[in-house]
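*Asks:* Whole structure, please, built from the sequences with the hints as guidance.
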Amino acid sequence: MTKINDIFGKDLNVLNVGLASMAKSVSDQGVKVVDLDWSPPKDGVPHLRTTRSGVSMDEANREVVHRLQRGQPVLVGMGVAKDVVPGMHDHMLLHAGPPIEWSRMCGPTRGAVMGALIYEGLAKDEEEAAKLAASGAIEFSPCHHHHAVGPMAGVVSPSMPVWILENKTFGNRAYCTLNEGLGKVLRYGGMGPEVYARLKWMESDLYPALDRALQTLPNGIDIKSLIAQALHMGDECHNRNRAATSLFLRAIGPALARTNKDNEVLAKVIEFIDRNDHFFLNLSMPAGKALLEPAEGVAGSTIVTVMARNGTDFGIRLASMPERWFIAPAGKVQGLYFPQYTDADANPDIGDSTITETAGYGGMAMAAAPAITQFVGGTPQLATQTTLEMYEITFGEHEHFTIPALNFRGTPLGIDVRRVMETGILPQINTGIAHRNPGVGMVGAGILRAPEKCFKDAFKALQEI
Amino acid sequence: MIVRALVKPSEYHDSVSLMLVARELAGLEGIRDAAVMMATEANKSIMAEAGLLTDEAKSAAPNDLLIAVSAENESLADAALQMAEALLKKKASSAQAGEFKPKTIRGALASNSAANVAVISVAGRYAADEAWDALTRGLHVLLFSDNVSLEDEIALKKFARDHGLLLMGPGAGTTILNNVALGFANVLPRGPVGIVSAAGTGLQEVSTLLARGGVGISQGIGTGGRDLKKEVGGIMLLEALKALQEDPATEILVLISKPPAEEVVQVILKQVSASRKPTVVCFLGGEMESLAQVPNAIPARTLQECSLLAARALRPETGDIQAFLKAEKARLAKKAKALKGKLDVRQRSLRGLFSGGTLCYEAQVIWKGMLDDAVHSNAPLPGGLALPDSTKSIGHTAVDLGEEEFTVGRPHPMIDNDLRIRRLLQEARDPETAVIILDVVLGYGAHPDPAGELSPAIRQARGLAESAGRELIVVASVTGTEGDPQGLGQTVSTLEEAGAIVCDSNAAAARLTGLIVSGGAS
Chain B
690 MTKINDIFGK
700 DLNVLNVGLA
710 SMAKSVSDQG
720 VKVVDLDWSP
730 PKDGVPHLRT
740 TRSGVSMDEA
750 NREVVHRLQR
760 GQPVLVGMGV
770 AKDVVPGMHD
780 HMLLHAGPPI
790 EWSRMCGPTR
800 GAVMGALIYE
810 GLAKDEEEAA
820 KLAASGAIEF
830 SPCHHHHAVG
840 PMAGVVSPSM
850 PVWILENKTF
860 GNRAYCTLNE
870 GLGKVLRYGG
880 MGPEVYARLK
890 WMESDLYPAL
900 DRALQTLPNG
910 IDIKSLIAQA
920 LHMGDECHNR
930 NRAATSLFLR
940 AIGPALARTN
950 KDNEVLAKVI
960 EFIDRNDHFF
970 LNLSMPAGKA
980 LLEPAEGVAG
990 STIVTVMARN
1000 GTDFGIRLAS
1010 MPERWFIAPA
1020 GKVQGLYFPQ
1030 YTDADANPDI
1040 GDSTITETAG
1050 YGGMAMAAAP
1060 AITQFVGGTP
1070 QLATQTTLEM
1080 YEITFGEHEH
1090 FTIPALNFRG
1100 TPLGIDVRRV
1110 METGILPQIN
1120 TGIAHRNPGV
1130 GMVGAGILRA
1140 PEKCFKDAFK
1150 ALQEI
Chain X
38 MIVRALVKPS
48 EYHDSVSLML
58 VARELAGLEG
68 IRDAAVMMAT
78 EANKSIMAEA
88 GLLTDEAKSA
98 APNDLLIAVS
108 AENESLADAA
118 LQMAEALLKK
128 KASSAQAGEF
138 KPKTIRGALA
148 SNSAANVAVI
158 SVAGRYAADE
168 AWDALTRGLH
178 VLLFSDNVSL
188 EDEIALKKFA
198 RDHGLLLMGP
208 GAGTTILNNV
218 ALGFANVLPR
228 GPVGIVSAAG
238 TGLQEVSTLL
248 ARGGVGISQG
258 IGTGGRDLKK
268 EVGGIMLLEA
278 LKALQEDPAT
288 EILVLISKPP
298 AEEVVQVILK
308 QVSASRKPTV
318 VCFLGGEMES
328 LAQVPNAIPA
338 RTLQECSLLA
348 ARALRPETGD
358 IQAFLKAEKA
368 RLAKKAKALK
378 GKLDVRQRSL
388 RGLFSGGTLC
398 YEAQVIWKGM
408 LDDAVHSNAP
418 LPGGLALPDS
428 TKSIGHTAVD
438 LGEEEFTVGR
448 PHPMIDNDLR
458 IRRLLQEARD
468 PETAVIILDV
478 VLGYGAHPDP
488 AGELSPAIRQ
498 ARGLAESAGR
508 ELIVVASVTG
518 TEGDPQGLGQ
528 TVSTLEEAGA
538 IVCDSNAAAA
548 RLTGLIVSGG
558 AS
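As given, the protein sequences belong to chains B and X, one line each in that order. 690 is the number of the first residue of the first sequence in the numbering used here; add one for each residue after it. 38 is the number of the first residue of the second sequence in the numbering used here; add one for each residue after it.
Hint data in this document are derived by calculation from the structure and do not stem from the laboratory. C-beta atoms are modelled at their ideal positions from N, C-alpha and C, and glycine is treated no differently. Errors might be hidden in some of the hints.
A partial selection of chain X residues facing chain B, derived with a Cβ cut-off under 10 Å [claimed, not checked]:
id, residue
1, P139
2, A151
3, S158
4, R162
5, A164
6, A218
7, G220
8, A280
9, D284
10, Q308
11, S310
12, L376
13, G378
14, K379
15, P419
*Replies:* In C-alpha cells, the structure reads:
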C-alpha cells in the first residue's frame, strides 16, 4: 500500500480541475500541470457503476472491448443478397438505420427504394415503384436486422451482389453491397438509366470478376489489417477511404489478373475501383459490423454497438440491449457542398456508415485523417483535438488501430453511454450529404455529432436493467 | 436606466473568467452595473439584489449562463450584451486554437499518467464526484471547493486514509507540498518546520511569519476547516501528522486549527505525544491548560505566538517570546494613543473586513478580554456574538468575507476584492466606525495586486469619512513574503501611501485596532 510519505520529495505533477488561475500559479512555479477543460455534468446524471441486478458495468465493458479488440474481419467471399443475406427474400428491401415505414422515409431513401424496385424489374417507372412501395407488398427491414450494413440510404435489393466478411475469431458474418461511386448513385437516392446501368454492370461484370479472384485466395483478404494500414496513410475509413481503396486494389490485383480472361473487362474493373475513392467504404463498414456483433448480449455493458440513421431517425443500440433501438431525429450535417448546392438541399444525416465510429475508426480517428477536416474548413489541429476529445467518451483504446500523429496511440474504442452523458460530449460523425429530394444523389460531405436524445434514453434504460 | 439580460443555455465558464468579462462590461461608457454569472440560485439572488434579475433571467437553470447589464439606454445595453458574447467567444476560440485540454480526470490521466495530485476548485455540488474520480485513480487531492457535504467529506477522507492518500479539504485553501504552493500559498524557504492546518490562512500567516524570521518549512498540509469536527474526527490531520512525524526532513511540528471537538483533541494529543518531535499546537480560541500536560506539545494562543514558538523550538537560544510580545505591545500602545486623539466621540467601533477566516478568528481571540464590548461576527469564537445579518455591522464587528455565505457562485475575496471594497465604503459611511482592519493576503492563488485594488478604495473610504468631518483609521497587515509574486515590500508601501497603517502581523494589527477602541475616548 502507498503511504502519504511517498509523495514527499517527489516531483509534483498536477491535474487542475476548476479555476484556471490555480493551474497558472502551479505552472508559474515550474511545476507540470494539466489544466482540464472541465464543465459541469448534465443535470441529474448519476454515476452508474452497477446494474440493478448487481452486474459491474465496467466489468461488462471490459469484456465488450476485449471482444472488439480480438475480432478479425476477413473478406471471405461474395454472393447475391437473396442467396446469402439471412432473412432476405424476393420482396424484401433492406435499408439503413432503424426501422421505418415508407410513409416516413426521407427523399433519398425513397429514391433508392424506387430505384431498386426498377433495377429489380418489379416496377417499370418511378410512379409504379412508389405505388408498389406504398402498397405493403414490399417488406422493408433495417440492414442491421440482417447482419448487414448499408451506406447512405443503404438499400439492398434481392439481386444485388454483396461482400461477405467473416470475423475469424468469433465466426460471425457481415454483409454489404458494393460501392457505386460518387455523384448520382442509388445509395444517395439517385435514379435514372445511368444509375440502373451501373448497377447492372456491377452485377454482370464487376461482381463475377471480383468473386472469381476472391475464390483463389484461400485466406480471403484481411480487412482489419487494411484498416490499420490505411489509418497510417491519411484515411479514417469512413469519409476518407482513398488509401484503403488503393491497398485493397493491391491486395486483390494479382488474383484479379490471374482469373480474368478479358483484359478490357479487367481494365474496367480496375478503373472503376480506381475512380472511386470510397470503394473501400463498403468493406470498412461490414468490417465494423463483423467486429461489433460478437459484443452484443454482454449483460450490463453500457457500450454502443450500433449507431445508424435512415435519414429521418438516428438510432443506437447497446451491447447489453442489442434488440432495442434508442431513436432521435436525424441531425443536420455541417459541410461543404458541390457547386450549385447549399445546406437547404441537404437531407438530414443518413446511413449505416456510423458503424465505423462505433467500431473505433471513422470520426473517432479524425486525427489520422487531417485532410478531411477541410470539409468544414477546419485545421489538422482540429482533427487531432476531435480524436482527443473522443477518448473522453470511449471505454478503451484500440490495440491494433493506431494514430501516428498521436504517437501511435490507439483509436478511441467503445462509445460508453455513461461517459457521453457525464461529459455531454457526443460522438463525432463524418459523413456524406444526400440531396433531400429523391433522384438527385450526393451533394456534399461534412461532419456532425450524434443526437443527445438517443444517449439520454439509453442511459435511462441502463438505470433500469 | 434600463436592464437587459441574456440567458445562454448550458454554457459553462469558470467564475473568474466570467468576472473578468463582467468587469470589462461595467467599465463601458453608459453601463451602470453588469453581472455575468452562472444562474445558480445564489447568483440569482445576488443579481436580484443588484436589480439585474429580469423575468427571463429568473427562469434560467443552474447550468445556464446569465449576462445582465443596467445601462443608460437600450442601445448601450444591447451593445454591452453583444460585447459580452464576443469576449466569451474569444476566450473559447483561443482555447480551441491552443493545446488540447482534456475534459475529465480520466481523460487527463490517459495522456499524463504521471500525475500525482489533483487540485479541485469546481463548484461544491460537483466537487465530491471529481474528488472520487481522483482518489480512486490514486491521486492526492487538494479539494479547494466549499459546499461539499459532511457525508462526502467523511467518506472521501476514509477512503484516502485507507489508501495512503491526502484528501486536503473541502475548503482547503492552502497547501505547500514539496515546496510547491497549491491554492493560496506563499513563496517560502525550505526548512525543518512541518505544518498541518485545518485553517488555510492560519497556515499562510504562520508560514510567512516564519519565513520572515528566516525559518523554512518542510510541508504545509491543509486539511479543510471541518476536519476536526466530531463527525470527521480529525482523520486527515491525524494522517498528515503521522506522516510528518515520520518525515526525516521535519524537525518541528505545528498544528493549527480552530478549537476541535473535545474527543478529537484527545486523539490528536495522543498522537502528538507518540513522537519526540516538538509540536507547537495552536487551537485558536481554545483552552490551553490540557495542552500543557502533553509531552512535546507547546501551546500557542495566536498564530503569531505559534510562529514565534516554532522558531524558538528550533533555536532555543532566541529566548522567551514574551519579551518580544511585550515590547511590541508597548510600541502599539504608543501608536494607538496618537491615533485615538483624531477620532470624534461617536467613533467607537472597530470593523474587521477579513478575507482570511483564520485571521478573522485570530483577531477575535486577541480582542477577547481587551475590549469593553464584545465583537459581533459571522464567524464568532465559541460563546461569541453572532452577527444577525452578515451584510450589516453592529458595534464592534468582524466579518469573514471568505465564509461560504459570501462565496457561493462568486470568487473568494482573496481573488476578488469587489465585495470587500463595497463593504469598506459602507463602513466608512457609518459615523460609528473608528477603525477598519484589513488583512491583505499575498502569494500564489491570491489577487495579482491586492494593494493596487484596495488602495483607491482605502483613499475613497477615508475621503468619505473626511467629507463627513471624521478621521477614519485603516489598519492592515500583509500575509506574505518578499518572494511572493506581489512582493511584500511593494504591497506594504502601496497600502501606506493610501493612508493605511500597516502592521507586521495580523495579531499586531488586531492589537493596535483593539487599543484604539478600548478604554473609552481620549
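*Asks:* Are the hints correct? Go through all of them and say.
*Replies:* Here is what the structure says about each hint:
no.: 1; hint: P139; verdict: holds (6 Å)
no.: 2; hint: A151; verdict: holds (5 Å)
no.: 3; hint: S158; verdict: holds (3 Å)
no.: 4; hint: R162; verdict: holds (8 Å)
no.: 5; hint: A164; verdict: holds (8 Å)
no.: 6; hint: A218; verdict: holds (6 Å)
no.: 7; hint: G220; verdict: holds (7 Å)
no.: 8; hint: A280; verdict: holds (4 Å)
no.: 9; hint: D284; verdict: holds (6 Å)
no.: 10; hint: Q308; verdict: violated (14 Å)
no.: 11; hint: S310; verdict: violated (20 Å)
no.: 12; hint: L376; verdict: violated (37 Å)
no.: 13; hint: G378; verdict: violated (44 Å)
no.: 14; hint: K379; verdict: violated (39 Å)
no.: 15; hint: P419; verdict: violated (31 Å)
Taken one by one, the earlier hints fail for this structure at numbers 10, 11, 12, 13, 14 and 15, listed in ascending order.
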